[in-house]
Structure formats: structure tokens, C-alpha cells
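Student: Top to bottom, those sequences are chains A and B.
Numbering (my numbering) for the first sequence: 28 to 822.
Numbering (my numbering) for the second sequence: 56 to 212.
Please keep in mind that the hints were generated in silico from the structure rather than gathered at the bench.
A quick note: this is a predicted structure, and the numbers were derived from the prediction, not measured.
From the three backbone atoms N, C-alpha and C, an ideal C-beta is built for every residue, glycine too.
The reader is advised that the hints may include incorrect statements.
[To be verified] Stretch-level coverage of chain A by chain B, calculated; a stretch enters the list once three of its residues show a Cβ under 8 Å from a Cβ in chain B: (1) 65-73; (2) 759-768.
[What the hints assert, rightly or not] Across the chosen pairs, the derived CB separations fall in these ranges: (3) B:T61 <-> A:E513: 55 to 65 Å; (4) A:G185 <-> B:D177: 54 to 64 Å; (5) A:R545 <-> B:A185: 56 to 66 Å; (6) B:A178 <-> A:E177: 52 to 62 Å; (7) A:N471 <-> B:A66: 28 to 38 Å.
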Amino acid sequence: MSRTRPSPPAPPASVTGGVGESVRRPDGTLKVKGEFAYSSDLWAEGMLWGATVRSPHPRARIRAIETAEALTTPGVLAVLTHEDVPGRKTYGLEIADQPVLAFPDVRYQGEAVALVAADHPETARRAAARVAVDYQVLEPLVDAEAAMAEDAPSLHPGGNLLRHIPIRRGVQDAAAEVVVAGTYELGMQDQAFLGPESGLAVPDGEGGVDLYVSTQWLHVDRDQLAASLDLPPEQVRITLAGVGGAFGAREDLSMQIHACMLALRTGRPVKILYSREESFFGHVHRHPGRLHYEHGATSDGRLVYVKARIVLDGGAYASSSTAVCANAACFAVGPYQVPNATIDCYVVYTDNPPCGAMRGFGAVQTCFAYESQMDRLADALGIDPVELRIANAMDTGSSLPTGQRVEGPAPVAEMLRRLRAVPLPPARRAEPLDLRELPGGVSNVTHGEAVRRGVGYAAGFKNVSYSEGFDDYATARVRLSVVAGEPQAEVHTAAAEVGQGLVTVQAQIARTELGVERVVVLPADTQVGSAGSSSASRQTWMTGGAVKAACEAVRARVLERAAAKLGRDAAGLALAGGNVLSTGGATSAPTDRGTPSGSPGPQVTDPPGAVVIGLADLLGADAVEETREHHHRPTMPLDPETGQGDAHLAYAFAVHRAVVDVDTELGLVKVVEIATAQDVGKAMNPQAVEGQIEGGIAQGLGLALMEEIQVAGGEVRNPSFTDYLIPTVLDMPPVRAEVLELGHPDSPYGLKGVGEPPTISSTPAIVAAIRAASGRPLTRVPVRPEHIVGLDGSG
Amino acid sequence: MRLTCTVNGEARVADDLWEGESLLYVLRERLGLPGSKNACEQGECGSCSVYLDGTLVCACLVLAGQAEGAEVVTVEGLAAGDQLHPIQEAYVQAGAVQCGFCTPGLIVATHDLLDREPRPSDAQVREALAGNLCRCTGYEKILDAVRLAAERMEVLP
Numbered sequence: 028m029s030r031t032r033p034s035p036p037a038p039p040a041s042v043t044g045g046v047g048e049s050v051r052r053p054d055g056t057l058k059v060k061g062e063f064a065y066s067s068d069l070w071a072e073g074m075l076w077g078a079t080v081r082s083p084h085p086r087a088r089i090r091a092i093e094t095a096e097a098l099t100t101p102g103v104l105a106v107l108t109h110e111d112v113p114g115r116k117t118y119g120l121e122i123a124d125q126p127v128l129a130f131p132d133v134r135y136q137g138e139a140v141a142l143v144a145a146d147h148p149e150t151a152r153r154a155a156a157r158v159a160v161d162y163q164v165l166e167p168l169v170d171a172e173a174a175m176a177e178d179a180p181s182l183h184p185g186g187n188l189l190r191h192i193p194i195r196r197g198v199q200d201a202a203a204e205v206v207v208a209g210t211y212e213l214g215m216q217d218q219a220f221l222g223p224e225s226g227l228a229v230p231d232g233e234g235g236v237d238l239y240v241s242t243q244w245l246h247v248d249r250d251q252l253a254a255s256l257d258l259p260p261e262q263v264r265i266t267l268a269g270v271g272g273a274f275g276a277r278e279d280l281s282m283q284i285h286a287c288m289l290a291l292r293t294g295r296p297v298k299i300l301y302s303r304e305e306s307f308f309g310h311v312h313r314h315p316g317r318l319h320y321e322h323g324a325t326s327d328g329r330l331v332y333v334k335a336r337i338v339l340d341g342g343a344y345a346s347s348s349t350a351v352c353a354n355a356a357c358f359a360v361g362p363y364q365v366p367n368a369t370i371d372c373y374v375v376y377t378d379n380p381p382c383g384a385m386r387g388f389g390a391v392q393t394c395f396a397y398e399s400q401m402d403r404l405a406d407a408l409g410i411d412p413v414e415l416r417i418a419n420a421m422d423t424g425s426s427l428p429t430g431q432r433v434e435g436p437a438p439v440a441e442m443l444r445r446l447r448a449v450p451l452p453p454a455r456r457a458e459p460l461d462l463r464e465l466p467g468g469v470s471n472v473t474h475g476e477a478v479r480r481g482v483g484y485a486a487g488f489k490n491v492s493y494s495e496g497f498d499d500y501a502t503a504r505v506r507l508s509v510v511a512g513e514p515q516a517e518v519h520t521a522a523a524e525v526g527q528g529l530v531t532v533q534a535q536i537a538r539t540e541l542g543v544e545r546v547v548v549l550p551a552d553t554q555v556g557s558a559g560s561s562s563a564s565r566q567t568w569m570t571g572g573a574v575k576a577a578c579e580a581v582r583a584r585v586l587e588r589a590a591a592k593l594g595r596d597a598a599g600l601a602l603a604g605g606n607v608l609s610t611g612g613a614t615s616a617p618t619d620r621g622t623p624s625g626s627p628g629p630q631v632t633d634p635p636g637a638v639v640i641g642l643a644d645l646l647g648a649d650a651v652e653e654t655r656e657h658h659h660r661p662t663m664p665l666d667p668e669t670g671q672g673d674a675h676l677a678y679a680f681a682v683h684r685a686v687v688d689v690d691t692e693l694g695l696v697k698v699v700e701i702a703t704a705q706d707v708g709k710a711m712n713p714q715a716v717e718g719q720i721e722g723g724i725a726q727g728l729g730l731a732l733m734e735e736i737q738v739a740g741g742e743v744r745n746p747s748f749t750d751y752l753i754p755t756v757l758d759m760p761p762v763r764a765e766v767l768e769l770g771h772p773d774s775p776y777g778l779k780g781v782g783e784p785p786t787i788s789s790t791p792a793i794v795a796a797i798r799a800a801s802g803r804p805l806t807r808v809p810v811r812p813e814h815i816v817g818l819d820g821s822g
Numbered sequence: 056m057r058l059t060c061t062v063n064g065e066a067r068v069a070d071d072l073w074e075g076e077s078l079l080y081v082l083r084e085r086l087g088l089p090g091s092k093n094a095c096e097q098g099e100c101g102s103c104s105v106y107l108d109g110t111l112v113c114a115c116l117v118l119a120g121q122a123e124g125a126e127v128v129t130v131e132g133l134a135a136g137d138q139l140h141p142i143q144e145a146y147v148q149a150g151a152v153q154c155g156f157c158t159p160g161l162i163v164a165t166h167d168l169l170d171r172e173p174r175p176s177d178a179q180v181r182e183a184l185a186g187n188l189c190r191c192t193g194y195e196k197i198l199d200a201v202r203l204a205a206e207r208m209e210v211l212p
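Model the full assembly from the supplied sequences, consistent with the hints where possible.
Tutor: Now the structure itself:
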């Protein structure tokens with residue numbers, strides 16, 4: 028196109044399905060038809076089933092493993108032990124301390140000891156039961172405080188203290204007019220994703236292996252696999268299979284090395300699929316903790332100091348415990364301005380189940396404690412709890428106890444004000460009586476006699492992305508070409524779609540940046556560079572940033588190509604609607620040399636949005652492809668003595684209000700409503716943002732009221748969905764969400780992470796509401812009926 | 056053991072079953088229908104919900120032999136070719152699908168509910184879906200999807 032043949036005004040430069048719209052999931056249709064291939068659905072010709080022999084004892088020493096009987100079971104093709112691990116005998120995210128197959132020490136109940144491959148899963152299970160392991164059973168060390176004692180037996184060569192983070196800020200012995208103290212406990216929560224650990228390993232016949240699996244970070248899996256299989260990384264190729272939820276539990280390896288070992292040994296495809304019971308032993312859990320806090324304030328409600336001693340039970344192996352510890356320490360005082368802080372956070376090895384990543388990652392544990400303390404302080408001061416929080420709220424420019432200045436929006440006070448302004452739900456109806464609205468529901472345990480309503484508030488925050496100097500970059504490859512006459516963008520990353528909607532957002536970004544409707548997000552695999560983990564509320568920021576950068580690079584090349592072809596200045600061109608458009612204004616007309624770089628020709632003017640050439644004409648059979656990495660601003664380690672340092676990239680904030688009805692005689696709770704305000708920076712996909720908020724709150728509700736892995740003497744007592752309860756649709760109340768979009772200066776589109784904040788302060792808000800209704804102190808979650816009615820002696 | 060039954064309107068035969076196999080295992084591993092999901096295999100999560108002779112059941116709790124001669128309908132049998140069932144369409148549109156592992160079971164359970172009660176109240180929906188666990192959504196969008204599907208199906212001829 029040229030000025031001599033003016034085109035009609037182009038359609039609006041925006042494209043449908045871009046950033047900021049509630050775009051439908053591209054995988055939604057397959058999922059509702061039952062045709063989406065999860066890792067548990069995979070099948071291959073000649074496939075074998077793997078099964079895992081697990082220790083029944085939390086602490087033991089293996090004297091011998093006898094595999095002959097298992098191996099002679101008809102249908103069994105392989106039985107493997109620690110001796111068969113080809114390479115590194117251990118693995119781990121931060122410290123490679125966990126044996127691929129245990130020997131000689133067993134450090135938790137359910138630890139993998141041997142593997143079986145057979146032609147039927149039942150045959151594999153029965154053969155696994157025939158592997159005879161001679162254990163010398165030892166007394167397990169199951170108390171985190173006891174494990175820190177000087178005379179405690181060492182569970183690992185370096186002792187039991189996995190990490191201690193001291194934070195010293197301001198005056199260490201500050202005095203205050205009003206002081207409140209309390210000790211708080213959290214039980215062990217499970218991620219309880221619905222899709223069990225599973226995957227299919229296929230040997231390539233040349234010594235390498237292809238693994239199709241559910242995971243959160245393909246490349247860190249690959250590197251651990253390569254080390255333990257003694258293969259170069261290029262001989263271990265991982266493709267993401269359909270993931271049935273993650274929530275942190277797929278950061279660590281589960282069946283990955285095991286399936287590959289069996290496949291390489293037998294030369295046949297091997298599938299491993301955990302049962303629900305095995306799943307409880309197959310992944311790490313949220314750290315249980317015991318937290319002692321002391322808050323000092325002026326009599327008019329200004330925080331003077333916080334002292335905290337936090338002890339997290341890391342369980343048998345390190346997993347991501349050291350990073351969880353850092354989060355618990357750094358965010359220990361909450362989103363408040365505290366001039367003086369003395370914090371000691373410990374994470375220790377025990378013989379309990381290993382703990383690691385779960386949504387909220389260390390920030391959940393401390394939030395329950397500091398928000399309980401804020402309510403206690405408000406009570407001691409006679410100040411409204413919301414007012415106390417607003418008066419002390421962190422803001423842009425505030426400092427964490429680590430000394431790091433908070434950059435970017437930190438609208439804690441504003442969110443609390445907005446939350447308080449949300450109308451409360453109507454009072455409980457006395458008539459007509461609907462049992463389903465009462466605590467206990469259709470169990471018909473009350474008609475409302477001792478039911479009291481309570482309201483509670485809480486605020487929380489955490490970091491976005493990895494911290495303490497780690498460069499968790501993301502990579503994206505974007506290719507623009509013409510397919511069947513239509514311009515099409517392909518986006519290829521290794522970023523794990525775990526349900527959160529990352530595939531949708533990647534396509535939205537490509538549409539916005541390239542102005543093409545048709546975008547294909549390729550399966551995530553290790554044939555492209557690392558995306559980092561789908562965790563830490565980081566993946567939309569990091570992989571989104573990489574996709575945006577790759578699109579920008581593709582766009583620049585396409586516009587240069589158009590400029591060269593048409594003899595115009597690329598600066599005056601844009602992509603939209605599958606076309607190259609003029610951005611309007613004066614531009615150089617074609618010169619004799621056909622480029623705008625020669626002596627300027629006469630000035631011409633295009634109407635803004637005029638189509639200058641279609642992408643189909645411009646590209647023909649060519650493709651333009653670019654790969655980019657997105658690195659965030661560097662962070663720094665914490666000073667080991669004082670805990671000072673700029674360790675974090677950015678923060679995400681949320682506040683919650685819970686309204687509950689409590690049967691104060693039976694200790695039963697009905698959550699009536701959760702209201703929340705959350706700053707998401709930019710709602711990339713508003714419907715998906717709501718989904719993250721509502722789903723995250725459900726997990727916070729679970730921790731408040733029902734979810735706990737019961738561990739006694741190191742043994743898990745409730746590894747099933749019969750006995751480990753997660754919220755049903757009857758337990759979840761309506762959610763009212765106020766979504767703020769205060770753009771972050773450092774991120775693509777101003778977005779912040781969305782996934783974790785809903786899980787952080789929802790728990791303490793619910794507990795605060797139950798306290799208000801029951802008058803009980805409630806210092807432990809999940810709250811139990813006996814705590815609500817006072818049978819635990821708490822008054 | 057041989058199993059003969061009708062699945063999604065088609066006569067199916069599966070041979071060489073071990074007697075302990077569940078209907079869920081046979082559907083997934085022997086009949087090529089992995090849409091019904093295996094999240095707990097003890098009837099707590101509802102992810103494997105199917106119709107057995109018109110009754111909503113957890114396929115994990117049905118021994119394969121109990122399905123002999125029966126009519127089984129799974130999530131794969133609800134869409135008419137490429138045309139999604141209005142319930143399936145509503146789940147996608149309402150944002151009720153995240154990881155999607157619970158979705159097939161919820162869709163079959165919703166189908167059963169709307170068949171019995173075309174305009175359920177929220178309380179009725181909650182009660183009917185209380186046997187289906189979802190870990191991603193917090194259920195809000197699932198309730199939206201059921202309301203949307205009920206509206207759509209009411210205006211259908």
C-alpha cells in the first residue's frame with residue numbers, strides 16, 4: 028500500500044483474545060470431553076507397569092534386600108534396588124540428600140526402597156509385596172525441637188539443623204507500652220492435587236529415554252534425571268503430559284527416575300501411576316510449624332517491635348526447605364511497618380514425611396501467627412483490628428525486616444479499607460429453616476440454638492519469583508508464519524501448564540504483541556530452553572515476559588522486512604489484524620534505493636491504522652522465529668548474621684474477610700462468605716484471575732478447618748480422601764473479590780503473581796472469625812471442634 | 056474373564072480380565088476410554104462418575120463383572136460428535152475448568168442432576184455435587200457453569 032492508493036481505515040488496532048480479556052482456555056474443550064491426555068492416561072504398545080516398594084518404618088536400617096521371589100513372579104520383568112541406580116544415588120532440588128532408592132538408612136515412612144516392572148499393575152503390586160527387606164527398626168526422631176537438641180542423633184551427616192535464618196533489625200531490646208505474646212501451631216497440609224503422580228518412560232533404543240510426565244519444572248527434572256541415570260542431558264527428553272493440579276507438590280521428583288530406570292533396564296515403555304494412598308507418601312507436604320511471637324506497640328497502636336521464633340519441621344529430606352525457611356523469616360512480621368525486629372527461623376530434619384513447596388511457601392505459616400497476634404494486640408489496645416492494621420500497614424517505600432525497601436505498589440491500607448466497605452452478608456435467617464445453611468448441615472445437629480456469627484479480617488503477602496540471588500529465568504521461542512493463507516504464531520516454551528491457565532495467557536500475549544488471531548501454544552518440552560518452575564507466583568511474569576520479548580523481536584524483524592520491502596521507516600509501522608499498519612503521521616516516501624535510509628524523500632502522511640501490507644503477502648512461505656530469555660532484576664543473598672539484604676524481586680498482597688456461623692456447643696463451623704481484595708497488577712485474564720482467587724481461598728479454608736496429615740510416631744494415619752478432608756462444594760462459601768490493578772513498574776504489563784496470596788491470609792481470617800464467634804483463643808490450625816468448645820483446656 | 060457390555064451406545068467386549076479389575080480400570084485401560092479419572096479409587100472424589108444402567112456411580116467402586124450386560128455412559132458419550140453438550144460448553148465458558156481432572160466426573164454428575172431437576176437451586180446444586188472434589192476452582196465457577204447450563208438447556212427444544 029502507498030499513499031497513492033489509500034486504503035480504507037483499518038479495523039481497530041486491537042485484536043480479540045488479547046491481554047486483559049477473559050479468553051477461553053485452549054485445552055478446555057478436550058478437558059470437558061474427557062479427551063485431554065493426563066500423565067495417568069498414557070499408553071504405549073508393550074507397556075509395562077512399575078510399582079514401588081516402600082518402607083513401612085519411619086526410621087530403620089536396611090540389612091538386606093531379597094528380590095528373588097519377586098523376580099520369579101510370572102509377568103515380572105525387572106526388580107531394581109539402590110545397586111541398580113546407574114549414576115548419582117541421590118537427588119534433591121537444593122541439596123541432593125534424598126536416595127533414589129534407600130540404602131542403608133530409611134528416614135521416613137513410605138520411602139522408596141525397590142522397584143518392580145510387570146505386565147499388569149496388580150502383578151507389579153503383588154510382586155512388590157514379595158520383595159523381602161530386612162529392616163533393623165530404629166526409634167524415629169519426630170519432634171522438631173528435640174531434633175535441634177545437642178544430644179539428638181544426627182539423621183544426616185551435617186546434623187539436623189537444615190537452616191537457621193536470623194534477622195536483626197533496629198533495636199534488639201526495644202521496650203513497648205503494650206506487649207502481647209503467643210505460641211501458634213500449624214499442622215501438616217497436603218497439596219492434594221487430584222491427578223496422582225504418574226508418567227510414561229519410553230526407551231529410545233539408543234541408550235536414551237523420553238519421559239512424558241506431570242511436573243512443574245521440566246529442566247530441573249531433566250538435570251536430576253540425567254545425573255542419576257548417568258546420561259548426558261540431551262539423552263533425557265521430557266515432555267509435559269496433562270497435569271492434574273500441582274500446588275507445589277510436583278516440584279520434587281516422584282516416579283521420574285524410577286520409571287526411566289525400569290524402562291532402560293527392560294527396553295520397554297514403563298508407566299508408573301501412584302494410587303491416592305501412595306500419593307500421600309510420594310510427594311512433600313506443607314511444613315508444620317510452631318511459632319512463638321511477641322509484639323510490642325505504643326498505647327496508641329504503633330508497632331514498636333516484633334520478636335519471633337519459628338520452627339518448621341522439614342521432615343526427612345531437604346527438598347525446598349531452605350527457601351521455605353527464608354520466606355517464613357523474611358515475611359515474618361507481615362505487611363506492616365515494624366522498626367525493630369528479632370526473628371529466628373529454623374527448619375530441621377526429622378523422621379517425619381519430607382516437607383517442601385506448597386502454595387504460599389513459608390508465608391502461610393507466619394501469616395497465621397502474625398495475624399493472630401495483630402488481633403490479640405488490637406484486643407489488648409482496645410482498637411478495632413482493621414484500624415490497627417491500617418495504621419501499621421506497609422506501603423511503597425516501607426522496609427522489610429531485611430532492610431529491603433518495598434518497590435512498586437503495596438496498597439495494604441487501601442485494600443483493607445475497600446474490604447471493610449464491602450457489605451456484610453445478611454444475618455442468618457431463622458425461618459424458614461434450611462439445615463444446609465447451618466453448621467453441621469443436613470446432619471441435623473442444630474436448629475440454630477447455639478449458633479453464633481463471627482467476622483474476622485487478615486492481611487498477607489509474599490514474594491513473586493525466586494529470591495536470594497537465584498536467576499530463575501524463562502525462555503520462549505516464537506515463530507510467525509502463514510498457514511493456509513492465515514498468519515499464525517507458534518509459541519514454544521517449557522513452562523508447565525498445571526491448571527492455572529498459562530497456555531491461555533501465552534496465547535493472549537502473542538495476540539496482543541503480534542496482532543494475529545491464530546496462536547498455537549506448542550506442548551512444553553525440553554527441546555526449548557528452561558522456563559523455570561510454575562511456582563512462586565512467577566510463571567506469568569517470567570514466561571509471560573519471555574513470550575512478550577520473543578514476540579517483540581519477531582515483530583521488529585517483520586516490520587523491518589515490511590519497511591525494506593516498501594521502502595518505509597519501520598518506526599512508523601505496527602502489527603494488527605494480521606496486517607502491517609501505519610501508525611499514522613509523516614513518513615518517508617519510497618526513495619530510488621527503496622529504503623528509507625538514503626536521503627529523505629518527500630514527506631507523506633498515512634491515516635493511522637492504514638493497512639500497508641498483509642502478513643500473508645509479506646511473509647509468503649517464510650517464517651520469522653526468535654527466541655528470548657527473560658531475566659528478572661538480580662536479587663541478593665541474606666546476610667547470614669543479620670538477615671539483611673535485598674533478597675526479593677517483588678511482592679503480591681491480598682486481604683481477606685471471613686464471615687462464619689459457629690455452633691458453639693458442638694464446635695462446628697459454617698463459613699458464610701469470604702470477601703477479599705487483591706492487587707494483581709494487571710488482570711491478564713480476569714476470569715482466570717478469579718479462578719485463582721477462589722481456588723486459593725478454598726485451600727486456605729481447608730487449612731483453617733479440616734486439612735491435616737495426621738502423623739504419629741512418624742507414621743501417616745490418614746493417607747486417603749476418606750480421612751484427609753479437603754473442602755467440598757458444601758464447605759466453600761460464595762467469594763466476593765475486589766481485584767485491584769495497580770501496575771508493577773518492573774513486570775510485563777504491570778502484572779503481579781496471582782496464585783499464592785489467596786491462600787495466605789484466608790486461613791487467619793477464618794480463624795479470627797471463629798474466635799469472634801466462640802471467644803476461644805484458637806492458636807492452632809486446622810481448628811478442631813474441641814478447641815472451639817474449649818475441651819482442650821484453653822479456656 | 057470376558058466382559059460384554061454397551062458403552063456409549065456401542066457393544067463392547069473385553070477379554071482376559073483379571074476378576075479384581077474395576078469398571079474404571081476396564082474403561083481406561085482396556086476400552087480406550089480414559090476420560091473417567093482415577094483420583095482416589097475409593098469413591099470419595101467422584102472423578103470417575105459414569106452412568107451404569109442410568110444410575111450415577113463411581114466406576115472405581117464397580118467391579119467390572121457387575122457391568123456385564125449393562126449400559127454404561129461415560130463423559131466421552133455426552134457430546135454429539137464435535138458439538139459439545141450444553142453442560143460441557145457451559146463448563147468451558149464459565150471458567151469452571153482449570154486442571155480439569157475433576158471435570159469429567161463433575162460433568163456427568165451435573166448431567167444427572169439436571170436430568171432430575173432442570174432448574175436446581177444453589178443449595179440443590181451444592182448437595183448434588185458434594186461427592187465431587189475439585190482442588191483448583193473453589194467451586195464458584197462450577198456453580199456458575201451449572202446455572203448457565205440449566206438456563207441453556209431450558210430454552211433448548
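Student: Against this structure, judge whether each hint is valid.
Tutor: Hint-by-hint comparison with the structure:
1. 65-73: holds (count 4)
2. 759-768: Check passed, 3 qualifying residues.
3. B:T61 <-> A:E513: 55 to 65 Å: Violated, at about 42 Å.
4. A:G185 <-> B:D177: 54 to 64 Å: With a Cβ separation near 55 Å, G185 (chain A) and D177 (chain B) satisfy 54 to 64 Å, so the hint holds.
5. A:R545 <-> B:A185: 56 to 66 Å: 41 Å, violated
6. B:A178 <-> A:E177: 52 to 62 Å: Given range 52 to 62 Å: holds, Cβ gap about 58 Å.
7. A:N471 <-> B:A66: 28 to 38 Å: 46 Å, violated
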